[in-house]
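Q: This is what each chain is made of:
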Amino acid sequence: MKVGLAQIRPHLGNVAKNLEIHKQMIKQAKEEGVELLIFPELSLMGYNLLDLTYDVACAVDSEEVQEIVSESKGMDIAFGIVERSSDHILYNSAIYASYGSVQAVHRKVYLPTYGMFDEARYFGRGESIRAFDTRFGRVGMLVCEDMWHPSAPYLLAQDRAELLIVLANSPARGVHAKGLGTQDSWDLILTSQAQFYGMFIACTQRVGTEDGVSFFGNSTAVDPFGDTLVHGPLFEESLVTFDLELDMVRRARFTTPILRDENTDLVVRELTRIQQHRRGE
Amino acid sequence: MSTQWLTDQLTAAPYLSLNEELTTQILTTALREEVNKVGFRRVILGLSGGIDSALSLYLAVRAFGAENVITVRMPYKQSSQNSLDDAGEAIQDTGVQSLTVNITPQIDAYFESFPDASPLRRGNKMARERMTILYDLSAHYEALVVGTSNRTELLLGYGTQYGDSASAINPIGDLYKTQVRQLSRYVGVPSSILSKPPSADLWENQTDEGEIGFSYFDMDRVLYHMLDLKWDRKALHKQGFSDTLINAVNKRIIRNQFKRVMPVILKVSNRTVGIDFRYLRDWGM
Numbered sequence: 001m002k003v004g005l006a007q008i009r010p011h012l013g014n015v016a017k018n019l020e021i022h023k024q025m026i027k028q029a030k031e032e033g034v035e036l037l038i039f040p041e042l043s044l045m046g047y048n049l050l051d052l053t054y055d056v057a058c059a060v061d062s063e064e065v066q067e068i069v070s071e072s073k074g075m076d077i078a079f080g081i082v083e084r085s086s087d088h089i090l091y092n093s094a095i096y097a098s099y100g101s102v103q104a105v106h107r108k109v110y111l112p113t114y115g116m117f118d119e120a121r122y123f124g125r126g127e128s129i130r131a132f133d134t135r136f137g138r139v140g141m142l143v144c145e146d147m148w149h150p151s152a153p154y155l156l157a158q159d160r161a162e163l164l165i166v167l168a169n170s171p172a173r174g175v176h177a178k179g180l181g182t183q184d185s186w187d188l189i190l191t192s193q194a195q196f197y198g199m200f201i202a203c204t205q206r207v208g209t210e211d212g213v214s215f216f217g218n219s220t221a222v223d224p225f226g227d228t229l230v231h232g233p234l235f236e237e238s239l240v241t242f243d244l245e246l247d248m249v250r251r252a253r254f255t256t257p258i259l260r261d262e263n264t265d266l267v268v269r270e271l272t273r274i275q276q277h278r279r280g281e
Numbered sequence: 001m002s003t004q005w006l007t008d009q010l011t012a013a014p015y016l017s018l019n020e021e022l023t024t025q026i027l028t029t030a031l032r033e034e035v036n037k038v039g040f041r042r043v044i045l046g047l048s049g050g051i052d053s054a055l056s057l058y059l060a061v062r063a064f065g066a067e068n069v070i071t072v073r074m075p076y077k078q079s080s081q082n083s084l085d086d087a088g089e090a091i092q093d094t095g096v097q098s099l100t101v102n103i104t105p106q107i108d109a110y111f112e113s114f115p116d117a118s119p120l121r122r123g124n125k126m127a128r129e130r131m132t133i134l135y136d137l138s139a140h141y142e143a144l145v146v147g148t149s150n151r152t153e154l155l156l157g158y159g160t161q162y163g164d165s166a167s168a169i170n171p172i173g174d175l176y177k178t179q180v181r182q183l184s185r186y187v188g189v190p191s192s193i194l195s196k197p198p199s200a201d202l203w204e205n206q207t208d209e210g211e212i213g214f215s216y217f218d219m220d221r222v223l224y225h226m227l228d229l230k231w232d233r234k235a236l237h238k239q240g241f242s243d244t245l246i247n248a249v250n251k252r253i254i255r256n257q258f259k260r261v262m263p264v265i266l267k268v269s270n271r272t273v274g275i276d277f278r279y280l281r282d283w284g285m
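Going down the list, the protein sequences come from chains A and B. Going by my numbering, the first residue of the first sequence is number 1, and it counts up by one from there. Going by my numbering, the first residue of the second sequence is number 1, and it counts up by one from there.
Simulated from the structure, these hints should not be mistaken for lab results. Among the hints, a few may not be true.
Below, in silico cross-link-like pairs of lysine-lysine (BS3-like), each with a Cα-Cα straight-line distance of 30 Å or less [unchecked claim]:
1. 196/B to 178/A
2. 27/A to 196/B
3. 23/A to 37/B
4. 37/B to 30/A
5. 178/A to 238/B
6. 17/A to 37/B
7. 178/A to 77/B
Derived, one-sided and incomplete: chain A residues facing chain B with beta-carbon distance under 7 Å [as the list claims (entries may be wrong)]:
8. 13
9. 172
10. 210
11. 214
A virtual CB, placed ideally from N, CA and C, is assigned to each residue, including glycine.
Taking the hints into account, I'd like the entire structure generated from these sequences.
A: This is the structure we're talking about:
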């Protein structure tokens with residue numbers, strides 16, 4: 001199975017332009033025989049929208065979103081939007097489209113609201129983390145900061161995901177003598193989580209700059225043994241492709257059956273106890 | 001000219017050291033994008049002969065090519081000839097277009113009415129005069145004004161509000177002075193500029209460090225531990241920083257916050273510019 005990471009440069013709050021960028025990338029990916037194309041977080045909207053969040057929000061069945069969904073005939077597409085719910089709550093959502101319709105929506109659960117981030121000021125919090133079946137196998141989706149909470153990939157792995165799709169927008173920061181702090185962190189998280197659960201992780205990052213904040217790219221795919229399959233370029237737009245052999249999941253889990261040995265009963269029991277303690281019971 | 005002293009500083013304070021190639025790539029890529037996306041192909045900047053504007057120049061040349069960078073030297077009659085010559089060397093080395101506008105006539109004409117004006121007033125007036133020239137020429141050349149203030153001086157407030165601090169985009173504002181020096185050496189800023197003591201060049205033999213009272217290396221190190229690492233005073237003492245240094249730096253940061261923000265707007269409506277009307281400059285770009 002051929003997977004594409006669409007490392008694009010979205011325009012801030014300019015949905016019309018971003019639609020064009022998506023369509024161009026979709027066309028290129030189809031020409032290259034990609035079967036699953038993954039865009040970055042908020043790919044149709046841009047990242048640091050602030051008050052623009054209200055202006056660009058779309059319902060999942062809106063014309064703009066459906067324009068991309070309709071392109072998913074013959075190639076599955078994951079992309080990011082500001083989702084407006086029927087009760088007018090905005091979510092930072094990832095859409096998974098296949099056979100021309102929406103197959104899954106993941107609303108970002110962990111909204112960074114510290115330092116340079118301001119997401120919970122604008123977005124409502126997603127309330128579920130669930131894997132879903134696709135024509136390739138079982139898939140889980142996370143959006144950026146979700147991946148920094150080990151419980152999120154943990155739940156998807158327990159929910160039988162073989163492939164974890166991450167839509168991300170990581171800013172370039174923490175430059176040090178040897179490299180880039182945020183790049184180091186992402187590489188560490190993706191390789192360790194893939195190895196822990198014996199699953200593929202495909203993470204698309206964006207590039208471009210918003211008011212001086214650069215997004216570094218380096219979209220990454222990791223195999224179930226924790227080895228990196230591919231890295232996108234730094235700071236440049238690119239369609240990064242790789243071949244994904246799903247049988248590797250079997251081999252990795254036979255070799256290191258960490259998932260089999262996981263004791264979810266113990267986890268639930270201990271978490272319940274910890275919650276009771278926190279509530280003062 | 002040897003820059004062993006800089007190597008020694010970065011060895012003594014490795015946390016200030018930057019990956020030069022990566023930092024240059026981030027700054028030139030972002031500079032190009034932020035200028036191009038608002039419809040400009042050219043940039044303009046004032047060249048003092050000092051290291052900050054030299055680094056901005058070399059980064060701009062990497063981002064846009066020498067033919068799209070315009071530099072302006074704006075000496076006053078008391079500015080040192082060395083500064084003018086050093087700026088000239090950078091202009092020659094990069095091959096950029098250059099203008100020289102002598103600001104003496106308008107500055108002297110203004111202060112004829114205020115003969116007792118302090119050096120501070122005169123320095124600020126000159127900085128603002130230079131700003132208006134850059135913005136005027138910006139319109140003429142259709143070139144965005146590139147800033148030249150580094151992180152250390154922004155934090156310490158060692159600059160003139162609406163003077164040298166004014167620009168459309170500043171590529172070096174997140175670099176401490178020591179890092180400006182490191183990157184300047186990497187991009188090939190002439191060694192005469194790299195090695196001379198930093199000066200606002202407002203009067204003869206003035207130096208930044210003489211005026212502020214501490215070396216940039218000491219200030220950068222204490223700023224890093226105070227701001228980046230959020231160390232408390234006890235930890236700062238343990239690292240060898242004196243109360244004199246900590247207090248002076250702390251006081252400057254707080255006292256000069258006004259220089260780092262937009263003018264205060266008094267709230268009346270439900271959506272006030274700068275308070276709850278929140279958009280990036282890159283709106284729709």
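Q: For each hint, tell me whether it holds in the structure or not.
A: Here is what the structure says about each hint:
1. Under the criterion of a C-alpha separation no larger than 30 Å, the hint pairing residue 196/B with residue 178/A is consistent with the structure, at around 28 Å.
2. As the CA atoms of residue 27/A and residue 196/B are separated by approximately 56 Å, the hinted pair breaks the 30 Å bound.
3. Of the supplied pair hints, the one linking residue 23/A and residue 37/B holds, its CA atoms being roughly 21 Å apart against a limit of 30 Å.
4. Under the criterion of a C-alpha separation no larger than 30 Å, the hint pairing residue 37/B with residue 30/A is consistent with the structure, at around 29 Å.
5. A threshold of 30 Å between alpha carbons decides the hint, and for residue 178/A with residue 238/B the separation of about 27 Å falls inside it, so the pair holds.
6. Simply put, residue 17/A and residue 37/B have alpha-carbon atoms about 13 Å apart, close enough for the 30 Å limit, and the pair holds.
7. Our distance criterion of 30 Å between C-alpha atoms is broken by residue 178/A and residue 77/B, whose separation comes to about 45 Å.
8. Interface hint at residue 13/A: satisfied, since its Cβ lies 5 Å from the closest Cβ of chain B, which is below the 7 Å cut-off.
9. This hint holds: residue 172/A has a C-beta 6 Å from the nearest C-beta of chain B, less than the 7 Å allowed.
10. Nearest Cβ of chain B to the Cβ of residue 210/A: about 5 Å, under the 7 Å cut. The hint holds.
11. Hint status for residue 214/A relative to chain B: holds, with the closest Cβ pair at about 5 Å, below 7 Å.
When each numbered hint is compared with the structure, violations occur for hints 2 and 7.
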